[in-house]
Structure formats: C-alpha cells, structure tokens
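Generate the whole structure from the sequences, applying the supplied hints.
Residues per chain are reported as follows:
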Amino acid sequence: MGPYPLGSSTAASGWAAADSGPQCSASEIDGLLAGAGYRVRSSDLLHVAHSLERLESAMGGAPAGYLASAEAVHYNPSDLAAWVHSILSELSPSLPPLRPPLAAPVAETWPDPTCFSSPYQQNQMAVVVATRQREEEEGSAIRLVHLLVSCADAVQRGDSGLAGNIIAEMRVVLTRVNAGFGIGKVAGYFVDALCRRIYSPCSSSSCSASVAGSAADQEILYHHFYEISPYLKFAHFMANQAILEAFDGYDRVHVIDFNLMHGLQWPALIQALALRAGGPPFLRLTGIGQPSPDGRDALREVGLRLAELALSVRVRFAFRGVAASRIDDVRPWMLQVVPGEAVAVNSVLQLHRLLGDPGDDAAAPIDSVLGWVVGIRPKIVTVVEQEADHNRPAFLDRFAEALFYYSTMFDSLEARRGAAQQQQQAVAEVYLQREICNIVSCEGTARVERHEPLVRWRARLGGAGLRAVHLGSNAFKQASMLLTLFSGEGYCVEEVDGCLTLGWHSRPLISASAWRADDDVAPLPDSQLFDPSIDATINVDASQQRQQ
Amino acid sequence: MVVPLNTWVLISNFKLAYNMLRRPDGTFNRHLAEFLDRKVPANVFPANGVISFDLVIDRQTTLLARIYRPAPSTASDSPRPSLHADLRSPPSPDPFPVIIFFHGGSFAHSSFNSAIYDSLCRRFVLLCGAVVISVNYRRSPEYRYPCAYDDGWTALKWASTEPWLHSGKDAKLRVFLSGDSSGGNIAHHVAVRAAELGIEVSGNILLNPMFGGNRRTESEKRLDGKYFVTVQDRDWYWKAFLPEGADRDHPACNPFGPNGMKLEELPFTKTLVTVAGLDLSQDWQLAYAEGLKEAGHDVKLVYRDQATIGFYFLPNTEHFYEVMEEIKNFVSSNCW
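Residue numbers (my numbering), protein chains in the order written: chain A, 1 to 548; chain B, 1 to 336.
Each hint should be verified, as a subset may be incorrect.
Stated by the list, open to error - Which residues of chain B face chain A? A few of them, derived with a C-beta cut under 10 Å, are:
#1 Thr62
#2 Ser160
#3 Glu264
Stated by the list, open to error - DSS-like, lysine-lysine: derived pairs with alpha carbons at most 27 Å apart:
#4 B/Lys239 x A/Lys477
#5 B/Lys270 x B/Lys157
#6 B/Lys157 x A/Lys477
#7 A/Lys477 x A/Lys185
Hints listed in this document are in silico derivations from the structure and should not be mistaken for laboratory results. Predicted model only: the values in this text are computed from it and were never measured. Ideal Cβ placement from N, Cα and C applies to all residues, glycine included.
Structure below.
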C-alpha cells in the first residue's frame, strides 16, 4: 500500500485561503473545489463566502425566500459565484453586477489522464458493464471483449495474420453466447467491422457511401432510431427550447438545419411558435440534406409537409432546400440570410463529420464551416453530438471507446423491449451498426463518425468565436420529465457546465449545447449573405457549385 | 472557527442548495436536486493509479454501483486502460480489503457518482489498497425505510458472490461496510443483518453517522443552526425516510433507543466511528458508540474536537489526514 497523494496539510486557523491542490488545474481556480465539481477563483472565495452569508439572511424570511429560489431557473451550478449571485439577485434585485463569468476550462490538447480528480480535464472512458446473465455466458462475454481488444491491437500493429486468427476464434465464441442481445450482439457487430477493416478497407468517400447505403435508407434508419429511443427526441427538444428562447421578441426568424432528414424536429417548433404570446413570427426554414439521386426532390417534399402543418396552425412559413453531399460544400449565400431576421443554426450529429485526424495540421472543414456560421451572426447555434471519444489518433483507443459506448447504447435500447417494437428496434440497431462500421473499418475522408466529447467541442466552438448559452434547470426538468415517458428506468439527464447530457446508467451518451456569436466577431458582409437575384425556393446543388 | 475557506464555501453551498430542495409539505424537488448535484462519470483510464467502472448489480431495482480499484498492472507503463486484463480480476494475490461504501446526504441527497464521493472513494482505494464499491441506494422521500437498507444488503450479497473479491489462501471476502452521514446509518443496519445471517464483516467505518431520537439532546440544542445544520432539517430528513407515522425512536433512527434491538448475542463486527465536535448530532453518535460498547462489541471512537460535518471532503485539514490514517490502520489491522 503505497503513499497516497498528499496536498500540503493546512491546519487553517480563521479563513485562510487553502492551497490550490493538483498542479494540473488552472492556477487561479481552487483545485480542491474543482475536484468537487465547482469552479471558483481562489481570489473570489471570500466574496462567495460573504454572498452565501447574505443569501442565508435573505432566505431567512423562510417561505418567501424558499419559494423564490425554488421557482427560479438555475444555470450552471459549477460556476458557484455566478449561481449564488443569480439567486441573490432574485431575492434582492438591487445587486451590483458580478465579475465576468468564469469560462469553462478548455482542453487544448488531449486531456492528461493522469490528472487526478478534475472532472473537466480527466479523460473519461466511462464503462457500464451490463449485469451478468449466466455464469458461462459471462465468461464468454469477457473472453469476447478480450479477443476484440487483442484483435484491435493486432490491427493497430499491422499484424493482419494474427488479427485474422483472432477473428476466427471470436466467431467460434460468438456461437456460445446469445448473439441476439447483450454483449453477444454488440460483439458481433464489432467483429464484422474488424473483418471489413482487414479484408476490404475503406478510405475514400466513394466506398464509404456504399457502406452507408443510400440517403433514403439512412433517413429510414434515422427515423426508427428516433422512434425507439429518447436520444434524438431529447436532442430536438433541447435544441427547440433554446431556439424558442432565442427567437423571443423577433418577428422574422430563420432556422438553418444542417441535416433535414424527415424534418422530425420542426413540427414541435412550429407548434410552439404558433402558441407564442404575441403571435407567431414569420418562420423560414432552410433544410440542408443529401441530394436525391433519382430526380426526386426529397428536401422539397419534407418542406411541403412542414408548410402544410404551418398553414394549419397559422404560422407564416417559407422553406428552402439546399442539397449538398457535405456541409462544407455549402456557402453562406445559399442560405439567403436576410438582414434583420433572427437566425438559428441547428446541428444534430453533424459537426463531427467535418473533423479530420487530430493533430493533422491541415485545416479541417470544421474551421471554415464554423467560420461562416459565426459570420452570419446567429442568435443561437444548437449543437447536439455523441458524447464519446471516437476520433482518438490511435486505432485501439478508438476501438475500445466505441466498444464501451455502443455496448451502453445497445443496453439502453434493449431495456425497453416490447413485442410491438422489436422490429423497429432491429432497424434502429442497423443505424447504430453503420456508425460502428464507419468508426472501425473506415479511414481518411471515408471515416465521418469522428465523435468527440463535449469538452473538446467547447474548445472548438469557443475558439471559433462562440459563447455558451447555458441550458438551465427548466430545460433539465422538462428533459427529465420527457424521459419518464420512456420505460426502462436507466436514462439520466445531467447538467455539465451549462450543457445537458442524456445517458444510460450514469454514462452520458449524447450532449446538447447552445451557443451564440461573440459580440466582437465581425459579421460576414451582406454581399456574402444575401443575393436578391436568387429565387428563394430553388434547391442549390452545392456539388455542382464545387465543380464550377 | 477553524474551517478552511474553501470547505466553508463548499458546505455552505450544500446547505443553501438543500434548503431549496426540501419542501415544507415533505416533498422533495428531485429535478432541481439532480440538476444541482455535481457528478462525474466512471473512468477506466487510470487516474493516479485508480480506475472505476459502473455495474448494474441488481436488474430488478436497477441498483447501480461504482467499482473503484487499483489500475490493473500491465507490462508497459502506458496510461491507456488495460482492457487485456479483466476489470474484475483481483488487484493482488494477497488478501485485500473490499469496502462497500454508502454515500451520505441524509438519505435524500447525492448519488454514487457525486463528485465529492467519487473523490473520497478513490482515496480509499489508494489508502487501503482496497476495491471500493459505492452503492447507488434508493433515496427518500421517494423510497423510504427499508429500501436503502435492502439495497445495502443486495450489495453485500452481490459482493459475496463475486469470486474476484475473495482473496487470500482461504479465498475469503474481506469486506468492510462504510459510509458517512446516512451512509453510516445504512452501514450499521446492513452489518446487523449480516451478523444475524452469519455473513462475516471485517469492520464498519462510520464517518459522522446519522442517528437521532425523539428527545432533544444537549448538543442539538447548543449547536442548532451554528454549523450548517439545524435540528429542523434533521427532523425533515427523518420524517422523509422513516415510515409514515413513525417517530424518531424508530430503531432505524435510534438503534439503541427504547425500540432498539439487542446486539449482545450477535457476532456484530468491529467499528470505527468518527464524530465531529461541531456536529449537532454528536450526542446521538456518541450514544451509538456507547451502545455498541455496552453490547460487548469492539468500537474505536475518533472524536475530532473542532471538526464540522463534511471535514472528510477536502484534504485540507489535520482532521482529514489523521482520520484517513485511522481508517488505514483500522482496515489493515482487520484485513489479513
């Protein structure tokens, strides 16, 4: 039993400022409180302490104080100074303003896993291992995980002979487990993906498309995944909440959806806008999506359906489709942003597709896209991403992360087994299986499922000139209540520094965050935003633009 | 007052938040509670030599536990998780302690993945070379007595069926039951059940355990509202946990009170109890230690004169380090 890490012992007398603890925290932040989940500048401790005392006396008139604080909407409890201040100002409005809020610590490089106990800088690989079924199945399941990891290791080292042998062995073990659910099923998908990597690897967009299937197929899979699990519903709900709030007071609003699909997110927003106090605004929706190969205009069809709904609830509505194979083919002028309208940019599981290999010096598409997003001065940018680290440089790391992530994800789907939903579930699982396949068997531009965790997104979005708009306790409560509609009591919503995550059994799986442009970022010149000569209803094929 | 500033801020913040969550009608603002609680995920990447992972240890009640253990050793010194080694393999060929930990929160607050408890459990791993199992027991007022005790018992039973937790030539589970505040109360009651049913427990480690009773003790009157805690809030939590209509002389709350159980005949385990001198519940905690002694059981009382509740959350006082030493010695002398 070796020595445990000792901070310096301080037998403090009076209110001495404590030492700051682990070296790896930002130097001005109290390291011990950081370990407890709170960010407070050491120099602010005294002030926060006094505020807490004042709050105590303010709440001393018990029922009124309690009610006011309970009914208030709370934001970002980790920023303790701001949180205390916000409650104080609820109770006694004539307060002097606070210092500028503490920005969340940003991970500039890959987080150092040896940094002790700081929730913000630790490299998290949360594991939720499903409970045992039977003794021998448990043993086989463990064996499968070992083999999978050994295989991935062999692949990383370039030993395809060994990898092939391990795959053969895994196929044998798979016959001994219930491959219909649990680890057996997930392992099966990973074995298939490894096989594909070794025997028919894929590193260009053209072959990746064949792996992914057609856009129409993808939409169907997405729709099933949406129906059978709360993840996308949570995503849409959180994003719509933030958009609604950002649109408050604006008469002309414009939503730019980075991936329209069947437009599942938008009926709820349209209806909420219809019920808005003071009447609905004029809503424009620009939906970006894949080009339709067969001459069908899929985007326009979705637009028409949404227009019918908007008409039925008396919301003035205009739709525009932008067909593009990749978001980075889109140019701002295609979106036709009109001066004076409030713009919301909505990205559900799209930004990660624009990332490159980490550490690669060439500018990744994400930078140019974030550049113009910020340039159009959106009132709100809603970002939903998988809460996972699937873009790590080393293959084995990505593989291991994905194995645990998708095990948890599949576990959550299985928990709500109803006979009627089994077929839907099977289709939803194909949706996830394709993600697994892309992560494991594709490389280069073909690998688009480059999920990165929230802490990395914060750094990127912050660096691009976006500031976080905190999702508060109100959104949290509504999300939690939404989850009670789903059986399978394992879903959990968590607040992390102003963002909300939805997870299964304590493992966050998806995150929702909201952002706005920093005030000191220069907007794009109007000439880049709005070309009055273009008819607002024409689809622009961005790939054709590229060829010109 | 000898409280470091950051500790004062931390505990005051909890007090403030908790005041908002308890409603006068006995209900609890669970959504706001979960929103405010600072949680951390498990992490199989070694951090200071400790890894953690979560397990569902009972599907029926969806009982979750977080397992903390020394990072499995690998040939290379790489910081990546050693997935080649089974997460559920013994950390050592020699006897090692298994500490089942119940977090505090007066039966209503916090979770197994609350940041403050994650830190504490990690520390126990390093301190004692232990595998620590932190149990996400059901909380009141949604789940009253005896749910938390049942969950504690489930965790103990689960541990007793895990081969990798059994160590030494005699392949024994060297288990310690531990907790702070309500967690300490749970640890006691699980230990009673263990003694009744013949499961051997190597020791109990109770940090400022939560006990009470109908009468108002001297320390409650003297310290009411002085150091973060009020008698009124204690009453609220007992009312929320105990069965409807029960009073604080219910044996769950007052194990050595008028309705208490006689422990003389039982092979009850050894106990280490810490009591903070600025905790208004200390008279009940001291009475608890006395009750164990009078029943003929081994108890070591560690009384920290100028300590407040929650002194074990931040490593910034002598109370913290000296109590950790006591725990380390208690575990090592009862695990062989």
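Do the hints match the structure? See the list:
The interface hint given for B/Thr62 is met, as the beta carbon of that residue sits about 5 Å from the closest beta carbon of chain A, less than 10 Å. The closest approach between the C-beta of B/Ser160 and any C-beta of chain A is roughly 15 Å, which is over the 10 Å cut-off, so the hint fails. Taking 10 Å as the C-beta cut-off, the interface hint given for B/Glu264 is violated, the closest approach to chain A being about 35 Å. The straight-line distance between the Cα atoms of B/Lys239 and A/Lys477 is roughly 25 Å, inside the 27 Å bound, and the hint therefore holds.
Annotation: proposed proximity of B/Lys270 to B/Lys157 holds, straight-line Cα distance about 19 Å (limit 27 Å). For the hint pairing B/Lys157 with A/Lys477, the CA-to-CA distance comes to about 35 Å; that exceeds 27 Å, so the pair is violated. At most 27 Å may separate the alpha-carbon atoms for a hinted pair to count; A/Lys477 and A/Lys185 exceed this at roughly 34 Å.
Going through the hint list in order, the structure does not satisfy hints 2, 3, 6, 7.
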